[in-house]
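Visitor: Using the hints, put the two standalone chains together into the complex.
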Amino acid sequence: MLAALIIVFREVFEAGLIVGIVLAVTRSVPRRNRWIGGGVLAGVVAACLVAAFAGALSQLFEGMGQELFNAAILAIAVIMLTWHNVWMARHGKEIAGEMRAIGQAVAQGSKSLLALAVVVAVAVLREGSEVALFLYGVVASDGGSAASLTLGGLMGLALGVFVCLLTYFGLMRIPPRALFATTTVLITLLAAGMAAQAVAFLERANWLMPLDTVLWDSNWLLSESSIVGRALHTLVGYTDQPTEMQLLIYVVVVLATVMLMRLVGSERRQHAVASG
Amino acid sequence: MSLATDMTRKLSFAAVCAAAMLAASALQAQQAVQIQVTYSNGQFQPNQVSALADKPIVFRIKNLDGKAMEFESKSLRVEKVIAAKSEGVVNVRALKAGRYEFYDDFNEKARGALTVQ
Chain A
1 MLAALIIVFR EVFEAGLIVG IVLAVTRSVP RRNRWIGGGV LAGVVAACLV
51 AAFAGALSQL FEGMGQELFN AAILAIAVIM LTWHNVWMAR HGKEIAGEMR
101 AIGQAVAQGS KSLLALAVVV AVAVLREGSE VALFLYGVVA SDGGSAASLT
151 LGGLMGLALG VFVCLLTYFG LMRIPPRALF ATTTVLITLL AAGMAAQAVA
201 FLERANWLMP LDTVLWDSNW LLSESSIVGR ALHTLVGYTD QPTEMQLLIY
251 VVVVLATVML MRLVGSERRQ HAVASG
Chain B
277 MSLATDMTRK LSFAAVCAAA MLAASALQAQ QAVQIQVTYS NGQFQPNQVS
327 ALADKPIVFR IKNLDGKAME FESKSLRVEK VIAAKSEGVV NVRALKAGRY
377 EFYDDFNEKA RGALTVQ
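The listed protein sequences correspond, in order, to chains A and B. So the first sequence is numbered by this note's numbering: it starts at 1 and just counts up by one. So the second sequence is numbered by this note's numbering: it starts at 277 and just counts up by one.
Next up, chain B with everything else stripped away, as it sits in the complex (with noise of 0.2 Å):
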């Protein structure tokens, strides 16, 4: 019987999650600050980006290679593959100031970073 409203309980927790969660993703999209990066020649452009502390990061990529390449970050925690000739997109969650390196995991001679102050 404890079971029962154990379950129940975890499932409204659940459910509150989850509109917490979709709230919370509509409000980040609002606030979000986008950086466009493109990708060709092996190269990142611009490969020095800036944004401001405390506000979440939108990364839109375009891949223009005929080759995919892996948008990846450690200090930033992203990791994205991305198709030949299209764009990704990368959340990042607001950040404390200081300086993230990027890299495509594909080609460890393209490198670039997000200075955030």
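Excised from the complex, chain A in its bound form (with noise of 0.2 Å):
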């Protein structure tokens, strides 16, 4: 029961971060939970489908699918939280500032929970279909452990929620304007270290090969497979191993989201002294 926990609970608990932090960027926003728990649901059905088709998807691409997959659906989510991250240098200050933009401003704000709703589906996918496949193979294995597997399973669950509540609260503990910051700094680096995993995927399917060599080994320091490590693997993309291409795709897509909202944000005050 406990090695299932422990699987299980090792599994949800990127997804529980994630939804964390998504949960407190949109905070303000109305209806965000229904855009948040959508997500979550569709992150957990497409979860049990790429579970169940596991066997199938590995053999695409030469028995690569599996990677290639997971590459694809971290490049959607990298989009998703770059241009959350632009849209909110655009329309952040319109949202706690101006009264009067609020009404459009959450018109428009339901593009971005869209856009985070997305990030929310690759996260709970992600992990999920992994704990889908663990537990499918428990229950499908007779025995009498596969009760308290089962248990053992959904107690992990539990613990993943309580990551993520915990992240929620403790990002809530922030005074507002320092979270707003706070969450475009966590964004950023979860994107990067996003794009970085994606850029792993690629390399063991054989379809990155330029810069692969290992740049240094910092399993003695913090091994990534440690909870601490986990989380930094999550948050700011942590990897004991890291390639030179890794890091160089980290440093561009943290570079990439500086320019654009500084790009983004120096528009907006122009066209609002030219307006003005």
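FYI, nobody ran anything at the bench for these hints, they're computed from the structure. You may find that some hints are simply not true.
Anything over 10 Å on all C-beta distances counts as not near chain B; from chain A, calculated [what the hints assert, rightly or not]:
| # | residue |
| --- | --- |
| 1 | Ile7 |
| 2 | Asn33 |
| 3 | Leu171 |
| 4 | Tyr238 |
| 5 | Ser266 |
One-sided excerpt, in silico: chain A residues whose CB lies under 10 Å from chain B [said to hold, decoys possible]:
| # | residue |
| --- | --- |
| 6 | Ser58 |
| 7 | Leu133 |
| 8 | Glu267 |
Just so you know, even glycine gets a beta-carbon here, dropped at the ideal spot from N, CA and C.
Guide: See below:
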């Protein structure tokens, strides 16, 4: 039972962190629960589908279907997160400041919510498909231990939800003004980390060969499989054996986000000056 | 204007990278050494395998069990879920000599090692 608990918790932990962050990011947006809930639900359904067709998925692209699928959905999440940051750079102040713009901002806000719902769905799908496969195996294999393993799995799941709530309420303790800056940094690093993970999948699939030398091994300092290592892996993309390409893409995503946010932010200011 | 030229440069760089990637992967596929491992009753068979140094490796893991397993190794930097009754392909880059342990992440009792000489 303990083994099942640990395996399931390890998988849902990451999704829990991401959902917690997204909940904090969207704290003041009306109807956000519907969107985020929808994202989680879509993720769970998709995870079950992926688990059900895991064998077939693996066989695609000469056995590399799983890796390429993971890289693709991670890439989608990176785009959505970056887009959200850029959108917030343009509209965030309107939402926070001008009452007049709120009605309009809320209408547009649903666009950004959709992007974040997709991110939530992707996070749940990635982690959930492994949980589904594992639990399915447990249930399918006969033996008296199935019930206790399932119980362990459910407890792991509950712990994942707990992590999600912990992240959310932890972030909610930050004063609203600082929260925006905090979540912007969090989302940027989340996106960069996911991009680096996508690179790792492409490297495993042999679709990305250049700069695949491992830069360092910090396993002795902080193992990626430890709980802190896992948290940092999700939050800032920590990898104990990154390749050159992973680091490059990580830096590129961070710089691109900063540049895009500046560009959009200054555009908005010029706009305001011109019309005022 | 510099943005446009910059963009073109980046795109052409990406195109060159993509071409190099495909060429390299075709090359790698030819050179790679195959290692066959079966997984049944929660054990790897064989659980000790060996390969030559500086050559890419392709693991073909046949999961004969009725439940999924996850072929994982920290030192090989691989992690792959293999569904029940199916085969998984895992690429590994050219390695230095040494011992590299692998295991089933869903069942820590199943362990094995690759020795590279």
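Visitor: Hint by hint, note whether the structure agrees.
Guide: Structure-based check of each hint:
no., hint, result
1, Ile7, "6 Å, violated"
2, Asn33, "31 Å, holds"
3, Leu171, "29 Å, holds"
4, Tyr238, "14 Å, holds"
5, Ser266, "14 Å, holds"
6, Ser58, "6 Å, holds"
7, Leu133, "4 Å, holds"
8, Glu267, "13 Å, violated"
When the structure is compared with the earlier hints, violations turn up for hints 1 and 8 and for no others.
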